[in-house]
Amino acid sequence: MDFTEEQINRYSRHILLPEVGGKGQKKIAKAKILLVGAGGLGSPAALYLAAAGVGTIGLIDSDVVDLTNLQRQILHHTADVGRPKVVSGKEKIQALNPDVNVSMYEERLTAGNALKIISDYDVVIDGVDNFPAKFLINDACFFANKPLVHGGILRFDGRVTTIIPKKSACYRCVFKTPPPQGLVASCQEAGVIGVLAGIIGTIQATEALKLILGIGHPLTNRMLDFDARKTQFREIKIKRNPHCALCGDHPTITELFDDGDPYAGCAVRP
Amino acid sequence: MQVKINGKSEEVQGGTVLDLLKTKKIEPQMVAVEVNDKMLERDHLATTPLNEGDQVEFLFYMGGGR
Ligand SMILES: [Zn+2]
Numbered sequence: 574m575d576f577t578e579e580q581i582n583r584y585s586r587h588i589l590l591p592e593v594g595g596k597g598q599k600k601i602a603k604a605k606i607l608l609v610g611a612g613g614l615g616s617p618a619a620l621y622l623a624a625a626g627v628g629t630i631g632l633i634d635s636d637v638v639d640l641t642n643l644q645r646q647i648l649h650h651t652a653d654v655g656r657p658k659v660v661s662g663k664e665k666i667q668a669l670n671p672d673v674n675v676s677m678y679e680e681r682l683t684a685g686n687a688l689k690i691i692s693d694y695d696v697v698i699d700g701v702d703n704f705p706a707k708f709l710i711n712d713a714c715f716f717a718n719k720p721l722v723h724g725g726i727l728r729f730d731g732r733v734t735t736i737i738p739k740k741s742a743c744y745r746c747v748f749k750t751p752p753p754q755g756l757v758a759s760c761q762e763a764g765v766i767g768v769l770a771g772i773i774g775t776i777q778a779t780e781a782l783k784l785i786l787g788i789g790h791p792l793t794n795r796m797l798d799f800d801a802r803k804t805q806f807r808e809i810k811i812k813r814n815p816h817c818a819l820c821g822d823h824p825t826i827t828e829l830f831d832d833g834d835p836y837a838g839c840a841v842r843p
Numbered sequence: 007m008q009v010k011i012n013g014k015s016e017e018v019q020g021g022t023v024l025d026l027l028k029t030k031k032i033e034p035q036m037v038a039v040e041v042n043d044k045m046l047e048r049d050h051l052a053t054t055p056l057n058e059g060d061q062v063e064f065l066f067y068m069g070g071g072r
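Those sequence lines, one after another, are chains P and D.
If you number the first sequence the way the working numbering does, the last residue is 843 and the count never jumps.
If you number the second sequence the way the working numbering does, the last residue is 72 and the count never jumps.
No lab work stands behind these hints: they were computed from the structure.
Keep in mind that the hints are not guaranteed to be accurate.
Taking lysine to any residue and the SDA-like style, the derived pairs with C-alpha atoms no more than 25 Å apart in a straight line are [to be verified]:
id : chain 1 : residue 1 : chain 2 : residue 2
1  : D       : Lys10     : D       : Ile32
2  : P       : Lys812    : D       : Leu27
3  : P       : Lys803    : D       : Leu51
4  : D       : Lys44     : P       : Lys596
5  : P       : Lys812    : P       : Pro738
6  : P       : Lys749    : D       : Asn12
7  : P       : Lys749    : D       : Gln8
8  : P       : Lys812    : D       : Ile32
9  : P       : Lys810    : D       : Glu16
10 : P       : Lys749    : P       : Leu688
11 : D       : Lys28     : D       : Leu51
12 : D       : Lys10     : P       : Asp800
13 : P       : Lys739    : P       : Leu756
14 : P       : Lys812    : D       : Leu46
15 : D       : Lys31     : P       : Leu756
Required output: the full structure, derived from the provided sequences and hints.
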């Protein structure tokens with residue numbers, strides 16, 4: 574695959590970087606990145622990955638755009654209210670960069686479809702808003718052996734971590750199971766400062782590009798927590814847990830399952 | 007005694023990690039706890055004593071994304 578003169582111009586600021594160059598830009602052009610959720614985290618990730626020239630972006634989302642989404646989901650505009658998020662997302666991505674192929678999945682990720690969808694991609698970005706889905710993505714990436722960039726946002730706090738299955742700590746190594754439902758507030762009750770989606774989602778996109786390029790040090794075995802009130806990042810070291818039910822020495826989870834009600838809450842903080 | 011909680015030094019009474027959770031009114035099911043970079047199993051919270059200088063990390067679930 575050769576770049577046209579226009580493409581060389583478009584990606585020139587990448588190509589100038591010794592760590593990227595023409596070779597790296599070709600890796601980006603061949604890359605397939607899956608965004609689970611075309612919402613708060615998925616929006617900035619989709620736009621920056623599109624601008625970067627990622628060959629294929631997959632968008633999974635079963636929702637339509639709601640007016641309350643627009644405060645943070647910058648992939649969608651006012652005129653998109655009521656339209657499927659994957660359709661609105663695809664339009665914005667291709668308006669920004671027609672080089673990008675967009676695969677739309679207007680559905681929820683489930684134990685039934687996850688492996689089939691994920692196996693087509695090089696990197697998965699978690700942009701979902703509920704715990705059962707976060708655990709499902711973690712498990713599916715483990716079974717499909719795909720790197721996962723996990724993200725979460727809540728009120729003024731955000732978190733990112735990168736998971737390389739069988740090599741670095743997974744989500745279940747730290748949080749074994751979704752939290753008990755009765756103790757969890759819903760996203761609507763909790764609220765979130767909109768820009769946080771931009772901060773965390775762009776870090777997720779950065780991680781995905783680094784994985785594609787094979788450069789730098791991935792955010793593995795570390796959880797990066799961000800406090801927007803203090804404008805402070807904090808890094809927490811995590812390790813693979815030999816007792817992990819998924820990736821430990823004696824796993825008890827040997828196939829995908831839906832771990833709880835996907836409509837359960839999203840927000841936890843005492 | 008002094009322990010570091012989420013990176014900040016705090017004066018706490020001795021006892022176990024579970025005692026600390028109770029003092030802080032943190033529901034044990036809602037948090038993953040690391041002491042000195044080691045993840046504690048939830049059923050070890052009550053049997054793990056806190057020691058001077060321990061570094062305790064409370065990792066809360068963070069679920070949002072949309
Ligand atoms: Zn694990």
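Taking the hints in turn, this is what the structure says about them:
1. Pair hint D/Lys10 plus D/Ile32 holds up; C-alpha atoms about 17 Å apart against a cutoff of 25 Å.
2. With a CA separation close to 22 Å, the supplied pair P/Lys812 and D/Leu27 stays within the 25 Å bound.
3. Between P/Lys803 and D/Leu51 the alpha-carbon distance is near 30 Å, which puts this suggested pair outside the 25 Å criterion.
4. A distance of roughly 40 Å separates the Cα atoms of D/Lys44 and P/Lys596; the hinted pair therefore is violated under the 25 Å criterion.
5. Between P/Lys812 and P/Pro738 the CA atoms are separated by roughly 12 Å; this keeps the pair inside 25 Å, and the hint holds.
6. Note on P/Lys749 and D/Asn12: the hinted pairing holds, with a Cα-Cα distance of about 20 Å set against a maximum of 25 Å.
7. For the hint linking P/Lys749 to D/Gln8, the alpha-carbon distance of about 29 Å lies beyond 25 Å, and the restraint is violated.
8. A distance of roughly 23 Å separates the Cα atoms of P/Lys812 and D/Ile32; the hinted pair therefore holds under the 25 Å criterion.
9. Between the alpha carbons of P/Lys810 and D/Glu16 the distance comes to roughly 20 Å, so the proposed pair stays at or under 25 Å and holds.
10. Of the supplied pair hints, the one linking P/Lys749 and P/Leu688 holds, its CA atoms being roughly 21 Å apart against a limit of 25 Å.
11. A C-alpha spacing of about 11 Å is found between D/Lys28 and D/Leu51, which places the hinted pair at or below 25 Å, so the restraint holds.
12. The suggested pairing of D/Lys10 with P/Asp800 holds, with an alpha-carbon distance near 18 Å, which does not exceed 25 Å.
13. With a C-alpha separation of about 31 Å, the suggested pairing of P/Lys739 with P/Leu756 is violated against the 25 Å cut-off.
14. Distance check on the hinted pair: P/Lys812 and D/Leu46 sit about 11 Å apart at the alpha-carbon level, within 25 Å; holds.
15. With a CA separation close to 13 Å, the supplied pair D/Lys31 and P/Leu756 stays within the 25 Å bound.
In this structure, the earlier hints numbered 3, 4, 7, 13 are contradicted, and the remaining ones agree with it.
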